[in-house]
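Protein chains: 2
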Amino acid sequence: MKKLINNPSDVVADALRGMAAAHPGLLRIDHENRIVFRGDAPVQGKVGLVSGGGSGHEPMHGGFVGPGMLDAACAGEVFTSPVPDQVLAATQGVDGGAGVLHIVKNYTGDVMNFEMAAEMVTAESGTEVVAVVTDDDVAVQDSLYTAGRRGVGVTVLLEKIAGAAAEQGRPLAEVADLARTVNANGRSMGMALTSCTVPAAGKPTFDLPEGEMEIGVGIHGEPGRRRVPVAPAREIAEMLLEPILADLDFGAGDGVLAFVNGLGGTPLIELYVMYAEVAAILERSGVTVARSLVGSYMTSLEMAGCSVTLLKVDDDLVRLWDAPVRTPGLRWGV
Amino acid sequence: MKKLINNPSDVVADALRGMAAAHPGLLRIDHENRIVFRGDAPVQGKVGLVSGGGSGHEPMHGGFVGPGMLDAACAGEVFTSPVPDQVLAATQGVDGGAGVLHIVKNYTGDVMNFEMAAEMVTAESGTEVVAVVTDDDVAVQDSLYTAGRRGVGVTVLLEKIAGAAAEQGRPLAEVADLARTVNANGRSMGMALTSCTVPAAGKPTFDLPEGEMEIGVGIHGEPGRRRVPVAPAREIAEMLLEPILADLDFGAGDGVLAFVNGLGGTPLIELYVMYAEVAAILERSGVTVARSLVGSYMTSLEMAGCSVTLLKVDDDLVRLWDAPVRTPGLRWGV
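These protein sequence lines are chains A and B, in that order.
Each residue of the first sequence is one higher than the last, beginning at -2 in our numbering.
Each residue of the second sequence is one higher than the last, beginning at -2 in our numbering.
Identical copies carry no separate label here, and so any pair may be met within one copy or between two of them.
Straight-line Cα separation of at most 16 Å, EDC-like style, residue types lysine to aspartate or glutamate; simulated pairs:
hint: 1; residue 1: Lys(-1); residue 2: Glu209
hint: 2; residue 1: Lys43; residue 2: Glu125
hint: 3; residue 1: Lys(-1); residue 2: Glu232
hint: 4; residue 1: Lys(-1); residue 2: Glu207
hint: 5; residue 1: Lys43; residue 2: Glu164
hint: 6; residue 1: Lys43; residue 2: Glu171
I should point out that these hints are in silico values taken from the structure, not numbers from a laboratory.
Sequences and hints are given; from them, build the entire structure.
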């Protein structure tokens, strides 16, 4: 195993020390509970946004904490859900009196632990907590860690859009409705050229021989739809977009936000090659691209591969996407 | 070879198509000459900034084109210098009447081709062109493609800082002086855990056995100082920082910009682990960190590894670093 780490058991704690050192002021890190807080949390009168999940997907979620996006992110061990006590502490820490939104990817452990934390918060302080679960991955119905579809790339877009709505002062019910709309209007699918290696395991999560790729892979290396020979980027783009376009009518409406995401081991030059093919297919399919995002925002450690996410957007969603954001991972307008 | 590409010979052209599709308005791409232009180039009365070099280092340089940074970037083939005609067309395309700065990394082919282009421009149109060459890599004196030190991470910081100065309307001589100051005040060193594979070659540039790493590696996989067993991140940080701190007194003065850069195949979680160790060493060494940058900004295709760059900064440099920038690769304040 070749990684830039110290002890495999310290990876998450060490990375949080690095984030604290790199982003003083912007972030405040609770090292004991492994929570990344917005530096000025709680913001009085604003809906607080809490997300989190297993580590190994950076910049998601800790890198999306800051004005215009999340108020706190709970970092679990690598590929392991955060525990209820973490989510409880995060929720209490961002409670500015306007309620708290939990943004949860649909994995069994995450859903359960966020639910338990929400019950604890409500019992302790009466704070209103609403959870929105993302389940945008069209690859598989149920999977290793999931009942129903997995939550993947849409989560990034949802955190940005709901974060902007909360920053504008919209109330909890409205922010939660918006988040549900984003999840309902987004679809994703991913593929891997290589496995990743969980530090504590020390060996690749799965075997993927030279010459083969996994279509529909999950962000923890969960099996996808099928193994096929490595193909040109334009065919890979077809394999990912065809099921996405078949699942929801992206041609109707104002346009889409098209997101090509790297899984951690894939360089940007390849993501732009993929985006060229995605854009060409969308044009042929009569789908208008309103906004795009190309980069590694939801990773699977050092896995080589990518995912494609489409999100149907209207004017309100585009304005919220364009609104200022200042986080380590996404920043503009400020 | 597992890559998200079509034909190996089309990688650069395909990636430029992707950039054009992803950043309409912000960028204008001359596909024939493989030049990424700022959408509104030439900006009248502003010094034009042109850089470029071999592809495979994305987002450098094309991803640093936009207001507050470069006016144009010439994309060579992977790890191959752009040709003089490209640089000529780029220089003419950004000439707003205030002269043009060439920012050139110290590799023999790049230096020669930018020099030839500068002579051609001056002969054709009388445009004043000044070149600043970066040579911040402390690892080796001469190397496979270099007389003198190689130009690496400082180039990114220089393009941002000189870009901000040009945007403020400073004259060519002043922007060039500033660029030379940045280069003189910056030092870098890199390391690799794995090789990369040039698409046209189809096999790894060098062999790096399991359990070994290359200290002082170049951004094209050029040999570094030594092969050593893979070590914990804190020891790797020492191996990179010790020669940097020995080469220039970073303790004197106002502080440094500390930059931990990923080489393309290394995920962000590992870069933050590295940054934690870099920050700890700087604190012990009495070096104040004024600003930081953590991410993959100057890559070597899918190479796993990182580089560390320190830049001594004063108030003027910090203000220029903080000034608004809007490019695909670096963006804030706008």
